[in-house]
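A.B. asks: Chains as they are written, first to last, in this note's numbering: chain A, 1 to 355; chain B, 1001 to 1275; chain C, 2001 to 2299.
Derived from the structure by calculation, the hints contain no laboratory data.
Mixed in with the good hints, there may be bad ones.
To be verified - Here are a few chain A residues that face chain B, going by a calculated C-beta distance under 10 angstroms:
1. G69
2. F81
3. P88
4. S91
5. F98
6. K101
7. R150
8. K151
9. I299
As the list claims (entries may be wrong) - Below are the DSSO-like pairs computed for lysine-lysine, each with C-alpha atoms no more than 27 angstroms apart in a straight line:
10. A:K130 / B:K1161
11. B:K1262 / C:K2101
12. B:K1004 / C:K2101
13. B:K1262 / C:K2288
14. C:K2215 / B:K1161
15. A:K111 / A:K151
16. A:K330 / A:K298
17. A:K203 / A:K343
18. C:K2257 / B:K1008
19. C:K2193 / C:K2101
20. A:K103 / A:K119
21. A:K122 / A:K132
Built from N, CA and C at the ideal position, the CB exists for glycine as well.
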Amino acid sequence: MAELKIENLSKSFGNVKVIEDVSFTVNDGEFCIVLGPSGCGKSTILRLISGLERQDSGTIYIGDTEVSGHTPKERDVAMVFQNYALYPHMSVFDNMAFSLKMKNIPKSAIKRKVMEGAKLLKIDDLLQRKPKELSGGQRQRVAIGRAIVRKPQVFLFDEPLSNLDAKLRNAMRVELVGLHSKLNSTVVYVTHDQVEAMTLGQKVVLLNEGKIKQTGTPAELYDMPANLFTGTFIGSPQMNTLNGRIEKEGEKLLFNSSGIILDVSSWKSLKGYVGKAVTAGIRPESLLPDSNGPLTGKIELIEHLGSEIILHAIIGEMKLIARLSPDIEKRKGEAISFRLAWKGVHFFYKNERIS
Amino acid sequence: MLNKIAQKFLFLLVTLIIVFFSLLPFIWFFITSLKTEVEVTSIPPTLIPSGSLNFYRSGIEQYDLLHFVKNSIIIAGLTSIITLVIAIFAGYALARLRLPFKRVILGSLLVVSMFPQISIAGPVWRILQSLGWLNSYQGLILPYVTLTLPLGVWIIASFFKELPDELEDAARIDGCGHLQTLFRIMMPLAAPGIFTAAILIFIYSWNEFFFALLIMTQRDYQTLPVGIALFQGQYTLPWGEIAAASTIATVPLVLLVFIFQKRIMSGLSAGAVKG
Amino acid sequence: MILSLQERERAFGLILIIPTFLFVAIFSLYPIIYSFYLSFHRIILGLPGLGQKFVGFQNYIDLFHDRIALHSMFNTLIFVFISTSCEIILGLLIALVIHQKFKGRGVVRAAVLVPWAIPTVVASQMWRFLFNDKYGLINFAFFGSDINHYRAWLADPFFAFCAIIFADVWKTSSFAALLILAGLQTIPDELYKAAKIDGASGWQRFTHITLPLVKPALLIALLFRTMDALRIFDLVFVMTQGGPADSTNVLQFYGYKKIFAEGLMGYGSTISVFVFLITLIISIFYIKAIGSRLIEDKI
Chain A
1 MAELKIENLS KSFGNVKVIE DVSFTVNDGE FCIVLGPSGC GKSTILRLIS GLERQDSGTI
61 YIGDTEVSGH TPKERDVAMV FQNYALYPHM SVFDNMAFSL KMKNIPKSAI KRKVMEGAKL
121 LKIDDLLQRK PKELSGGQRQ RVAIGRAIVR KPQVFLFDEP LSNLDAKLRN AMRVELVGLH
181 SKLNSTVVYV THDQVEAMTL GQKVVLLNEG KIKQTGTPAE LYDMPANLFT GTFIGSPQMN
241 TLNGRIEKEG EKLLFNSSGI ILDVSSWKSL KGYVGKAVTA GIRPESLLPD SNGPLTGKIE
301 LIEHLGSEII LHAIIGEMKL IARLSPDIEK RKGEAISFRL AWKGVHFFYK NERIS
Chain B
1001 MLNKIAQKFL FLLVTLIIVF FSLLPFIWFF ITSLKTEVEV TSIPPTLIPS GSLNFYRSGI
1061 EQYDLLHFVK NSIIIAGLTS IITLVIAIFA GYALARLRLP FKRVILGSLL VVSMFPQISI
1121 AGPVWRILQS LGWLNSYQGL ILPYVTLTLP LGVWIIASFF KELPDELEDA ARIDGCGHLQ
1181 TLFRIMMPLA APGIFTAAIL IFIYSWNEFF FALLIMTQRD YQTLPVGIAL FQGQYTLPWG
1241 EIAAASTIAT VPLVLLVFIF QKRIMSGLSA GAVKG
Chain C
2001 MILSLQERER AFGLILIIPT FLFVAIFSLY PIIYSFYLSF HRIILGLPGL GQKFVGFQNY
2061 IDLFHDRIAL HSMFNTLIFV FISTSCEIIL GLLIALVIHQ KFKGRGVVRA AVLVPWAIPT
2121 VVASQMWRFL FNDKYGLINF AFFGSDINHY RAWLADPFFA FCAIIFADVW KTSSFAALLI
2181 LAGLQTIPDE LYKAAKIDGA SGWQRFTHIT LPLVKPALLI ALLFRTMDAL RIFDLVFVMT
2241 QGGPADSTNV LQFYGYKKIF AEGLMGYGST ISVFVFLITL IISIFYIKAI GSRLIEDKI
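Bound conformation, chain A alone:
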């Protein structure tokens, strides 16, 4: 296992700039998630790390070696593909043994390593089967097994769970966490699913349109989003956004959003933004029901999820979503008022967070 360092990576396909000046480091043994919406460039980063594509500029280090110009073979990385990419004409055993065979490792050693990996992934009874005889989940395990057997410097995962059904996905997530702690591997895991990112990742790199939006632990990204994109991408249901202006009334700081006035004096940092257009980001759990609250409106929809209630309300011209405990007895069409909690409310100026 080794540290992975990426510096100023850029890549264009034709005229389209897919990745722009991307830099981050994955420490030895760290599980790093590269997260972002479709088309943000995250798969391209993976292909650049693996050596399947060549970057236009920038450098890549694996351990102490610069591998920017190396072939995939020379980089000693293993990749688990979204569609598993198992060799259809080979048995599970041969699939897992293939890379070792290419390295001319003796047969007995190959057998030992493959059995080890197969036992770890509980596929030791499937070794003689062909991929087409396996279920999706089993194929995924074989794909992972193929990567594990090599004991590579870095593991690369390209949205490996997106083709599995929800239940299987949850189960595999838990297994992956277990595997990682057992093997202590350096992992770069690409996904568009923020739940995966939040539960699996020790470090999350959030990308949009080829640029890094924020890097940090899942908690950091949730509690201290550096920009509006991060705030709205992370968190489900999505963060509520209100556009407005900061006004001063005597000693009080007010946030005016088309007639809705909120007292935001507690957020001292807003002092320097009087008169400026600012966006308020309010997490659904930060809307607290309060009959005297400043945000008054009508309930449009109530989603009962059992352990909580998701409430859609129309406040003024805005649609807000609140996350409430299931004890609240409210019905569609009724009036409701909220006040703001201190935690989970952020203000953004020109898309950057005001801290």
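For chain A, the structure is supplied; the task is to place chains B and C on it using the hints.
C.D. replies: For chains B and C alone, coordinates are given in the frame of chain A:
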């Protein structure tokens, strides 16, 4: 409209007519080859032959039939192997690697395959003459390879194209270079297509006449089509022997067609539809 | 020199293509160009002493005045037109039959492929035998045992031509059928079901769904068959040798006679260039027509 039974009957009738006419000439020749001299010229025609193998015997003894067979096997066989190897390389490059002008190359292969034989016959003959390769196996194999390459490349390339991109990525990451990826992963998976291409190339080379006629003027090197076309009798055409020779020439092909019809069909349409 | 990954891939790809390129260049491209060159010379094989005299466009002028050449072009074009039309129609019919799912479909498919699979010269001999004036099956089918009425089909200019067309249609309709079948198989079943629900009759379903959607395949079959029909040789060589009285003389056969039977390589090359140009023009015309049609259909 016609009711269902009438429709089914009509369909059956049409199908039977199609099958009958498709096989009639072949079956008639086959029957003729098993007749005696008298039965061949009888009127009304003898429908059930006596099963005599005389024509086969005289074909082999007097007309050198086995020689033609041997030449055809060698030439068609070698052409198939050589063309396959070259087409696999080219098909892989065109289907999977990033190359400029891929469309142009495939398109020009198609165009070249449509050249009328006469337009290249003279110069090809001259080239072979100057090399001293007229009336030699290589003299016919080389033009045959050229003639069958477009077919081979198109079919094999279209089968390679079907394979998922990720397989190559996985192979590269597992440590394969380009050639290893081709031999260990891509070829085994495209084997059906390669096999189909082999069949089609073999059939083409076996049946080719124009160049065989021009390049092989000595009996020793002539192939079956040439032998059959140039059959001369003393006074009349030796129809019995021609029928026997034709049966020998076509039975292997008919067998191939019956066994591999699915593959042949998919191979031929691969070029058309996917192109 | 250290090549980047992309350059390495490119170099490798080019190496893989080189053998193909070599064969095509030496045995196809070069000969075409050389034919052009030869067409401007007077060369007689068998009389090497005469050398290679450059005669400019004289051969082409002679070609213009060559009645037989013009006649053979005429024959060729008529042949192409008639046989190709028949093959497309028959091919469509056969394709429609094979497209249905029924027991024994494999046998029908294989039977239909047999004409395609056998050597053309063998097919030619088969049909020659069937058309035989003394004991051919066709005479028997028409006139029974009445020998006196038997016709020498291949000795009559008109019937000889028909015989050639007949044999060619027999031989290659199945190939056209295969190409058209491929097109038929791309038409989704749901379209027919929806049309049935909408009340369309079998004939209406055929004219409004099948025909329009199978058009691209029809055009491709037309292109391939036309190109092949222009090159007809084997049938003529075996069945009629261009006769009787040049009634079945076609371009490739005439060129063959000039170069290889009479040894006039210069003039023969002129004919071969002429054939090449005709083929080229027709194919460009086709590709342009089909290309735009295919794009139209996709939109």
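A.B. asks: Taking the hints in turn, state whether each one holds.
C.D. replies: Hints, one by one, checked against the model:
1. G69: Violated. Min distance 15 angstroms.
2. F81: Constraint on F81 of chain A satisfied, holds at 5 angstroms.
3. P88: holds, 6 angstroms
4. S91: Cβ of S91 of chain A sits 13 angstroms from chain B, so the hint is violated.
5. F98: Cβ of F98 of chain A sits 5 angstroms from chain B, so the hint holds.
6. K101: holds, 9 angstroms
7. R150: Holds, about 8 angstroms.
8. K151: Check failed: Cβ of K151 of chain A comes no nearer than 13 angstroms to chain B, outside 10 angstroms.
9. I299: violated, 48 angstroms
10. A:K130 / B:K1161: holds, 22 angstroms
11. B:K1262 / C:K2101: Holds. K1262 of chain B to K2101 of chain C sits at ~14 angstroms (cutoff 27 angstroms).
12. B:K1004 / C:K2101: Judged against 27 angstroms, a Cα distance of about 16 angstroms means the pair holds.
13. B:K1262 / C:K2288: violated, 32 angstroms
14. C:K2215 / B:K1161: holds, 25 angstroms
15. A:K111 / A:K151: Since the Cα atoms of K111 of chain A and K151 of chain A sit roughly 15 angstroms apart, the hinted pair holds (cutoff 27 angstroms).
16. A:K330 / A:K298: holds, 11 angstroms
17. A:K203 / A:K343: The given pair, whose Cα atoms are some 22 angstroms apart, holds under the 27 angstroms limit.
18. C:K2257 / B:K1008: Distance of about 51 angstroms is beyond 27 angstroms: violated.
19. C:K2193 / C:K2101: holds, 16 angstroms
20. A:K103 / A:K119: holds, 22 angstroms
21. A:K122 / A:K132: Cα-Cα ~18 angstroms, so holds.
Going down the numbered hints, you'll see the structure goes against 1, 4, 8, 9, 13, 18, while the others check out.
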